[in-house]
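Q: Sequence:
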Amino acid sequence: MNNRKRKSYKPLNIRHENIKQLVKLLKNSNQKLSRADIARELSLSTPSVSSIVNVLIDSKIIIETDDESIKNTVGRKPILLKLNEDCGYLLGILISENKLTIALANYLGEIIKKESFYFKDNNKKCLEFLIDCINQILDDNYINLDKLLSISISFPGVYDHDQHEIKFAPHSGNWQNEPLISCLSEEYNCQVKMENNVNAAVLGEKWKGKIANKNNAVYLKIGNGIAAGIIINEQLFRGYNSLAGEVGFSVTDSKQLNDKVTDSGSFEQRFNTDTILKKIKKDFGIEVSDFNKLQDQIKNNPQLSRYIKDINQNIIMLLINIISILNPEAIVIGGEYSQILSDYIEDLATQILKNVPFAAELLVSELGDEVYVLGAIANSLQDIDRQLIKNYFME
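In numbering that gives the first Met the number 0, the protein residues as written are 0 to 394.
Hints are computed from structural coordinates only; laboratory data are not their basis. Check the hints yourself; a few may be wrong.
[To be verified] Straight-line C-alpha distance at most 30 Å; calculated DSBU-like pairs for lysine-lysine:
1) Lys254 with Lys281
2) Lys59 with Lys81
3) Lys119 with Lys81
Between the sequences and the hints, there should be enough to build the whole structure, so can you do that?
A: See below:
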């Protein structure tokens, strides 16, 4: 069982910023470093580095190791330093309507364990269920709470970062009124962060996907919901009231102006994957649950092919609007419908170039649903060094 009481640390008489920079240097370095290397890189005196290193070794945040590259030498090998990747842990959580996916990662963001939990007990509140699942994955992997640095949540909906509340969550069951941030912060005494799933997705693609080298990019999800996550100048862009990227409210046809809009916009109502599959079943007598299984049907059914091309035309108009307004380097398309678009991506790009002379690179995500959990972990990693220092060396 993990220890439910977090240790308390007294402030040390050293500069926390220097500690953070040293930890960050070791984390981002692809090789082990000597004390002299660290002093040179951080422009610190050797005594200052030695003092900080001793504290970090005592706290088991860094580890001393021999220089294994030097062989057949007389005497003791030089002592190098490396980060202990198990000095702290993160949780990346994806909330779905009836399922939780929780990934436990070490300090470097490497996933140790990922598990899905299905919501079956209707008498149990969502928050209570979440806490039970978190406790289970921590207990199963013998993680003490003093090592848990951050919990980051990805969910389908809108979270207002100023008001710290979920505004609406049409595709995530009964989570909307749950005070997740405050309750989890109190329960686990660690950093708790939250982003909607497309914001998490664009962070995941930036970390592990196709836009790693892009400073300005968009992740467009076309699934049971339609929305976009936006990165501008390497920073996540949320907009006023955290509503940037709600492209499901876009209009690509004058007829859409008469649609009744509630929690989902006209574009999303017409072109979400649930609606598409229902129409395909009704109009073409084809019942599938996976868009991959539609590929042969589209090729062999001219009417179905025309319907898909009509959907794609509306997506092209949406992409043109996104490109014209944001001028991104790339747009990564994810969600269930991306399985269809992968066969049309060159046609889409050609059509867009006819209308926008500065078109973005169009890409199809290869991360699948894992992108949301990866994005949650990436969200925690952004300021994990500060959180580590806060937990270990500050009350």
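Q: If a hint holds in the structure, say so; if it does not, say that too.
A: Outcome of the hint check:
Taking the CA atoms of Lys254 and Lys281, the gap is about 22 Å. The hint holds against a cut of 30 Å. With a C-alpha separation of about 11 Å, the suggested pairing of Lys59 with Lys81 holds against the 30 Å cut-off. With a C-alpha separation of about 44 Å, the suggested pairing of Lys119 with Lys81 is violated against the 30 Å cut-off.
Comparing the model with each earlier hint shows a violation of hint 3 alone; every other hint is respected.
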